[in-house]
Amino acid sequence: MSLPGFPDATPLAGLGGGVLIGVAAALMLLGAGRIAGVSGIAARATGMSDSSLPRISAWLFLLGLPAGALIVTAVMGQFEPSFASPVVLVIAGLLVGAGTRLGSGCTSGHGVCGMSRLSPRSLVATATFMASGIATVAIMNAFGWEVLS
Amino acid sequence: MISRQLPILVSGVLFGAGLTLGGMTDPARVRGFLDLFGDWDPTLAFVMGGAVIVMAIAWWLQPKLARPLFADAFALPSRRDLTPKLIGGSALFGIGWGVAGLCPGPGVAALVIEPVSAAIFVTAMLAGMFLVRLTESDT
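Chains as they are written, first to last, in our numbering: chain B, 85 to 233; chain W, 23 to 161.
Bound-form chain W, shown alone (with noise of 0.2 Å):
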């Protein structure tokens, strides 16, 4: 049991230091990126190629593998279908992201640095994941 979880946690604490380290809990760094035809900030472009060398070798290594080093099997994203949902979905998103310059991860790790602010934010965030669900389940 401790274990299984004990590494999911220490990936938490790695991903919260990874995003406050490369400056995502800062709203000014995030639009600044975002800011590409202004005074534009590349500091999240090295946050994100950092993460995507690392996690291309991973993608290389999991194939490698019979299963998990902690877990049972794999589970894993299979679909390929790209649908007006996603699409619309990842555009509304981006304005959320744009508007206040905090996307979820930072969002919830903000909550130790700017606790009122973040709080605000996650329950605005968990509404509106809320509001989906409502929806989907209707159909």
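With the rest of the complex left out, here is chain B (with noise of 0.2 Å):
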């Protein structure tokens, strides 16, 4: 199925997915009684946070996420997306980590997790990482620069 005036756009896949990830999201919250944050997840794995998560189970969720990459790749066929350059992945993982942990969160935490609590500071991070990233994206364009191959 695609959307009308969006040739590209998958919908289906899309809603699927995110109906994935949320009752993933949920079992992590009524199952385990935490937020699926994927950035705090990632500190406290490798020591960097001081959350009462114990560091296995930070361990098997972040185990967890290429193991589901993984099936849905031997399912749906491997794909082959294009990914940016060493240098501007080097450039974006600084900034992606360090504002992370600035600002409490991430896409996941903030923006499926507590978006969805209508946490007032995860409705004020989404909002602000979303207009970030827009903006980022349109300046980047408007100067014709390509990141990705």
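Calculated from the structure, these hints are not laboratory results. If you're wondering where the values come from, they're calculated on a predicted model, not measured in any experiment. Each residue gets a CB set at the ideal place from its N, CA and C atoms; glycine is no exception. Please note: incorrect hints may appear among the correct ones.
[Claimed, not checked] Selected chain B positions facing chain W (in silico; Cβ < 8 Å): (1) P88; (2) F90; (3) G100; (4) G102; (5) A109; (6) G117; (7) A126; (8) G181; (9) V221; (10) G228.
Assemble the dimeric complex from its two separately framed chains, guided by the hints.
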């Protein structure tokens, strides 16, 4: 199925993926009593957070992410998305790592778990990173800076 | 022990599957979503919408549980204060997200899709986290 006016959009796969993410985060909340925030869990796994989440739990969750990706690519077929060059990936990674720690969360913790709870901090954080992400892409496109080959 | 860790592993697997199915491990699709003023791709709005609807139901159920199904107590954030750090950090994160089209979850999940690129991104992300940790332990 496609969206009128948006030939490249995959709304059904998007919705299915979103529901899976929601079920995963719901299992984390109702099962383990915690927020499924990937940046915080990554910091916890690597000893950079004082969260009470057991480090083994943090590692198991993180290992699950590529395992889930493998299952989807096995079922749906391999796809080879293009990624930015190493230099761009380093700059972006530093910004994402520092920004998510300073801002206490990322797309999963603030965007999914916090927004659905109507947390004021998450609503503001999500509006902020959406706005700066949109501005970044707009500025890069205005300068004709292509980062994905 | 196993009964407590297994749901967390399952959550990670479902999360990684959802990110991949939804297109979040494809930087071009993520940047297409952020390209609101250009050739906009609305797919990620469906990802976000689906996830938020399911989680809204979970938040409605949560207060009805005395304790989590597989843990002793809920450990949830309670802060409500809006600080310059929250807003500034989120702004930095958004810039990084826009530059390469990757956020933390898809970066980790993509380790099996494009291992070298994803490893570079995740290593730099951890370095960025470490820099923040260093400055915060100074104060």
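Against the structure, the hints come out as follows:
| no. | hint | verdict |
| --- | --- | --- |
| 1 | P88 | 11 Å, violated |
| 2 | F90 | 6 Å, holds |
| 3 | G100 | 6 Å, holds |
| 4 | G102 | 2 Å, holds |
| 5 | A109 | 5 Å, holds |
| 6 | G117 | 3 Å, holds |
| 7 | A126 | 6 Å, holds |
| 8 | G181 | 2 Å, holds |
| 9 | V221 | 4 Å, holds |
| 10 | G228 | 12 Å, violated |
When the structure is compared with the earlier hints, violations turn up for hints 1, 10 and for no others.
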